[in-house]
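Engineer: As given, the protein sequences belong to chains A and B, one line each in that order.
Heads up, the final residue of the first sequence is numbered 222 in UniProt numbering, and it's a clean run with no missing numbers.
Heads up, the final residue of the second sequence is numbered 222 in UniProt numbering, and it's a clean run with no missing numbers.
Just so you know, these hints were derived from the structure itself, not from any lab.
For lysine-lysine, the following DSBU-like pairs were computed, each having C-alpha atoms within a straight-line distance of at most 30 Å: (1) A:K215 <-> A:K101; (2) B:K24 <-> A:K86; (3) A:K101 <-> B:K58; (4) B:K86 <-> A:K34; (5) A:K34 <-> A:K58; (6) A:K101 <-> B:K138; (7) B:K86 <-> A:K25; (8) B:K86 <-> A:K101; (9) A:K86 <-> B:K86; (10) A:K117 <-> B:K101; (11) A:K34 <-> B:K101; (12) B:K101 <-> A:K58; (13) A:K34 <-> B:K138; (14) B:K34 <-> A:K101.
Partial selection, computed: residues in chain A whose CB lies under 7 Å from chain B: (15) P85; (16) A89; (17) S96; (18) K101.
Distance ranges between label pairs, derived from CB positions: (19) A:E105 <-> B:P180: 29 to 37 Å; (20) A:N152 <-> B:D142: 47 to 55 Å; (21) B:L202 <-> A:I212: 51 to 59 Å; (22) B:A87 <-> A:M2: 19 to 27 Å; (23) A:G128 <-> B:T108: 18 to 26 Å; (24) B:P85 <-> A:E124: 44 to 52 Å; (25) B:G156 <-> A:R31: 25 to 33 Å; (26) A:E105 <-> B:L211: 23 to 31 Å; (27) A:K205 <-> B:T108: 35 to 43 Å; (28) B:R151 <-> A:N152: 40 to 48 Å; (29) A:G123 <-> B:I139: 21 to 29 Å; (30) A:E189 <-> B:R219: 56 to 64 Å.
Backbone N, C-alpha and C fix where the C-beta goes; we use that ideal spot for every residue, glycine too.
Okay, here's what each chain looks like letter by letter:
There are 2 protein chains.
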Amino acid sequence: MMRVLYHSWLEAGSLLTRIVLAEKKLETHLRLEKPWERRPEFLRLNPAGTVPVLVEDKTVFCDAMAICEYLDESNPSPPLIGEDPKARAEVRRLTSWFMGKYQTEVTTHLITEKLMKRFLRMGEPDSGAIRSAHHNLKIHMDYLDFLTERRNYLAGPQFSLADAACAAQISIADYFSDVPWDRHQNAREWYMRVKSRRSVRLLLKDRIPGLIPPKHYERPDF
Amino acid sequence: MMRVLYHSWLEAGSLLTRIVLAEKKLETHLRLEKPWERRPEFLRLNPAGTVPVLVEDKTVFCDAMAICEYLDESNPSPPLIGEDPKARAEVRRLTSWFMGKYQTEVTTHLITEKLMKRFLRMGEPDSGAIRSAHHNLKIHMDYLDFLTERRNYLAGPQFSLADAACAAQISIADYFSDVPWDRHQNAREWYMRVKSRRSVRLLLKDRIPGLIPPKHYERPDF
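Whenever a hint applies, use it, and build me the whole structure from the sequences.
Structural biologist: So, in structure tokens, the structure goes:
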């Protein structure tokens, strides 16, 4: 089967999908897409104009969560959404927490101010938006500490889609050196466990031209 | 089993969940929550502070999509997410379209400007935000026309979670008389089909104190 993923750098849904593809050992051809260019060929694949988009032979799949659910249904090993319905609800609650709430409160600000304004020459970053992202990130890190104090992984004893979603998001803030690791020891140990997985390590090799991540970005022991 | 849904009026995730509960004939005690009051007892149920929250006996479920997936897994009849993985991906893509993209581009503006500012005495509605919501709504209505020109329901021949999500969202704009029905005949016929379902009719009985919907709001033939 020919499998292509249209993805973007430092885009949480794309990173999440790449972790799932790698966990399930599904060979995939990656194609970098800049959704803000709104290429007509790309809009024909996904009228929403967003990445990720997965194409398997001639079938097109859009929306990160719909893609991940599809991949988990059609390639059940290893299971990433859990076994019984209650456990699955907890994985989905946390995945949505990071792909929704965290995305809006942290990542969107960081990407707009630190990346897009620069790429698209839209002027100076808004320091108020960045401060607000940092303030919100601290609260999310507290929640991550709370979750990982009692659990090895976010939704239970096994690595799940919730860990993949959180790792995708945190890795973006970490690229900008924005994560206050020193004050969040449980979260840090969780991220070390997560970074030791091949599926996550692969993402941390991405480099945005002209923007260098901190030295610890790729290192599992940081 | 004791089943309680914490919900809010004109809140798409709550409306979506109520449609699913009614489609599956699951008796549920509704409890009106005003999430902006941030009641400590409610925040203990859902630290995200959002509705809907479903409580079954002692188990708490948060996040509209996670709740709907859970309800479909634990009460398979009638199936609302489709049969094979590809069909399910299409239902989820469209559900996410309406709960994500449409929510941000239309509903959030309408609710902020037309409802919350008034309830919380936050000043006059911003006419620019309302104009932008109307402009975006027209584009979504075009897409709805496009989908319903070739399909009886949004994701295929059967009523699915995608129809429930779209009905939930459209019913909010319709409460404010904001839907340009005259120019969208396919969408209108789809909404007539959807409104003839008991699960949707139940929602259309809600009334916000002091805010009267248009006469056609509840009528399946409008």
